[in-house]
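If you want the building blocks of each chain, they are given just below.
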Amino acid sequence: MIEDQLGRCVASWYKGATGVTGAAKLSGGASQETWTFDIVHADGNTGAILRRAPPGYGASPGRAAGLDAEATLMQLAHDAGLPSPRVMHVLTPADELGTGFIMQRIEGETIARKILRDEQFAKARPILARQLGRVVAGIHGLPASKLPKLREMTATKEIADLEREYRSFNWPRPVFELALRWLRERDPGPSKEVTLVHGDFRHGNLIIGPDGVRAVLDWELAHFGDPMEDLGWICVNSWRFGEIDKPVGGFGSREELFAGYEEAGRKVDPDRVMFWEVMGTLRWGIMCCGMMRRFREGPDHSMERAMIGRRSSETEIDLLRLLAPRGG
Amino acid sequence: MQDEPTPTELIKAVADFLRNEITPVIKGHNAFKLRVGINALDLVTRQLALEQGGDAAEAARLKQLLGTDGALIELNRALCEKIAGGEVDLQTPGLAEHLWQTTMDKLAVDQPNYASYKRELGTK
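Sequence order for the protein chains is A and B.
The first sequence lines up with residues 0 to 327 when you count with numbering that gives the first Met the number 0.
The second sequence lines up with residues 0 to 123 when you count with numbering that gives the first Met the number 0.
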């Protein structure tokens, strides 16, 4: 059924398209879905991705930028020469597919364990951190006048949001209290420079090929704020997948990431990056607690969610390693 | 008094069956889910073995730190309030050691293969 709808939609803007084939859902919660499919054409098929909120799910939840904003950001990134899929079509009511957009499908890998271990990525791993530094600098440098409307965040607001979320669980965690206190005491205040922040720049949202990074995905958490937030978040230990001595995604060093960033003409503030790494570690820990709550309250009563709840202690040991390292 | 086998023995028998007999014949997304399920059973087994000792030691440390007694969750709430209020911090004798020991005991149950945990076990 979705193939018929997609076929009609594609025919309206892709010259010579005769339909779509191989539609399969890649991921989907209640309010947002990702589909892969091929556009059928006499000159050869084209891989495409649909990202949408199905009909009836108009508004985007809480912190989400919204699918229209995501489409605009991806297209801007693509136009700026950053690794980003080309947006082929933004859904209209006439498409009867809900809200969202269709983009070019980029081949590659998003699963961290494969990127960190498989032979085919052996040449990519040593260059990735520097490359990602340049890419994230490009994101922070996207022209402000063309950016969509997004929420604006500061460290102070982020601490307050995390604290509110943590308190709502009503489950005492002395290490999280220590981290909240540490963050409040070292809150650097509003950033001198406010830029676009991707908000979820890490494994899972990066398509990697044997040649390096091919695409940055998932702009759902994009906002305006301190550019150092993105550099701190990609260094959070939870994204190192066991390679704990390589802070950037388990494949590179902070120095390489920073060098790439500065090559692109931007400045790094390492203290602020470290502040955001602590914030990010706490944030992931609180997100794990949120998974546990969703498991308990339903509707997603899955083992996977339940077990993610038991990963918040991983962030506690990482917070202690950052805030109270043993044996100097 | 309940009869034998113990919960630990029962769970371990089920986990071993799933691991050794079922894992080789399951493919795709269900193989991933099966692995998560086996991990959950292994976690429960570790908790049954370690929880009592860990909780007792944690309660004893909290009693010492706070100078009060009570249920473990209430002691933890009291410590949280003191940390949030700045009455207790990393300069307070015993706090860092307490948080480290408590966290190491949690990891021993939750994720004993977590790289940070294995590193800290080695440097203790």
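Keep in mind that the hints are not guaranteed to be accurate.
[What the hints assert, rightly or not] DSS-like mimics (lysine-lysine), calculated; alpha carbons at most 30 Å apart, straight line:
| hint | chain 1 | residue 1 | chain 2 | residue 2 |
| --- | --- | --- | --- | --- |
| 1 | A | LYS245 | A | LYS122 |
| 2 | A | LYS24 | A | LYS14 |
| 3 | A | LYS113 | B | LYS62 |
| 4 | B | LYS81 | A | LYS245 |
| 5 | A | LYS122 | B | LYS117 |
| 6 | A | LYS113 | B | LYS26 |
| 7 | A | LYS266 | A | LYS145 |
| 8 | B | LYS117 | A | LYS113 |
| 9 | A | LYS145 | A | LYS14 |
| 10 | A | LYS156 | B | LYS11 |
| 11 | B | LYS62 | A | LYS245 |
| 12 | B | LYS11 | B | LYS117 |
| 13 | A | LYS191 | A | LYS156 |
| 14 | A | LYS266 | A | LYS122 |
| 15 | A | LYS266 | A | LYS245 |
| 16 | A | LYS245 | A | LYS113 |
| 17 | A | LYS156 | A | LYS266 |
| 18 | A | LYS113 | A | LYS145 |
| 19 | B | LYS11 | A | LYS24 |
| 20 | A | LYS24 | A | LYS113 |
| 21 | A | LYS24 | B | LYS26 |
| 22 | B | LYS62 | B | LYS26 |
| 23 | A | LYS145 | A | LYS156 |
[Claimed, not checked] Far from chain A by the CB rule (all over 10 Å, computed), these chain B residues:
| hint | residue |
| --- | --- |
| 24 | ASP2 |
| 25 | ILE10 |
| 26 | GLY27 |
| 27 | GLY53 |
| 28 | GLY93 |
Hints are computed from structural coordinates only; laboratory data are not their basis.
All of these numbers come straight from a predicted model, not from anything done at the bench.
We put the CB at the ideal spot given by N, CA and C, even for glycine.
Taking the hints in turn, this is what the structure says about them:
{"no.": "1", "hint": "A:LYS245 with A:LYS122", "result": "16 Å, holds"}
{"no.": "2", "hint": "A:LYS24 with A:LYS14", "result": "25 Å, holds"}
{"no.": "3", "hint": "A:LYS113 with B:LYS62", "result": "46 Å, violated"}
{"no.": "4", "hint": "B:LYS81 with A:LYS245", "result": "35 Å, violated"}
{"no.": "5", "hint": "A:LYS122 with B:LYS117", "result": "28 Å, holds"}
{"no.": "6", "hint": "A:LYS113 with B:LYS26", "result": "18 Å, holds"}
{"no.": "7", "hint": "A:LYS266 with A:LYS145", "result": "23 Å, holds"}
{"no.": "8", "hint": "B:LYS117 with A:LYS113", "result": "22 Å, holds"}
{"no.": "9", "hint": "A:LYS145 with A:LYS14", "result": "28 Å, holds"}
{"no.": "10", "hint": "A:LYS156 with B:LYS11", "result": "46 Å, violated"}
{"no.": "11", "hint": "B:LYS62 with A:LYS245", "result": "39 Å, violated"}
{"no.": "12", "hint": "B:LYS11 with B:LYS117", "result": "23 Å, holds"}
{"no.": "13", "hint": "A:LYS191 with A:LYS156", "result": "16 Å, holds"}
{"no.": "14", "hint": "A:LYS266 with A:LYS122", "result": "27 Å, holds"}
{"no.": "15", "hint": "A:LYS266 with A:LYS245", "result": "22 Å, holds"}
{"no.": "16", "hint": "A:LYS245 with A:LYS113", "result": "16 Å, holds"}
{"no.": "17", "hint": "A:LYS156 with A:LYS266", "result": "24 Å, holds"}
{"no.": "18", "hint": "A:LYS113 with A:LYS145", "result": "36 Å, violated"}
{"no.": "19", "hint": "B:LYS11 with A:LYS24", "result": "36 Å, violated"}
{"no.": "20", "hint": "A:LYS24 with A:LYS113", "result": "22 Å, holds"}
{"no.": "21", "hint": "A:LYS24 with B:LYS26", "result": "19 Å, holds"}
{"no.": "22", "hint": "B:LYS62 with B:LYS26", "result": "50 Å, violated"}
{"no.": "23", "hint": "A:LYS145 with A:LYS156", "result": "25 Å, holds"}
{"no.": "24", "hint": "ASP2", "result": "29 Å, holds"}
{"no.": "25", "hint": "ILE10", "result": "14 Å, holds"}
{"no.": "26", "hint": "GLY27", "result": "13 Å, holds"}
{"no.": "27", "hint": "GLY53", "result": "12 Å, holds"}
{"no.": "28", "hint": "GLY93", "result": "12 Å, holds"}
In summary, the structure is inconsistent with hints 3, 4, 10, 11, 18, 19 and 22 from the numbered list given earlier, while agreeing with the others.
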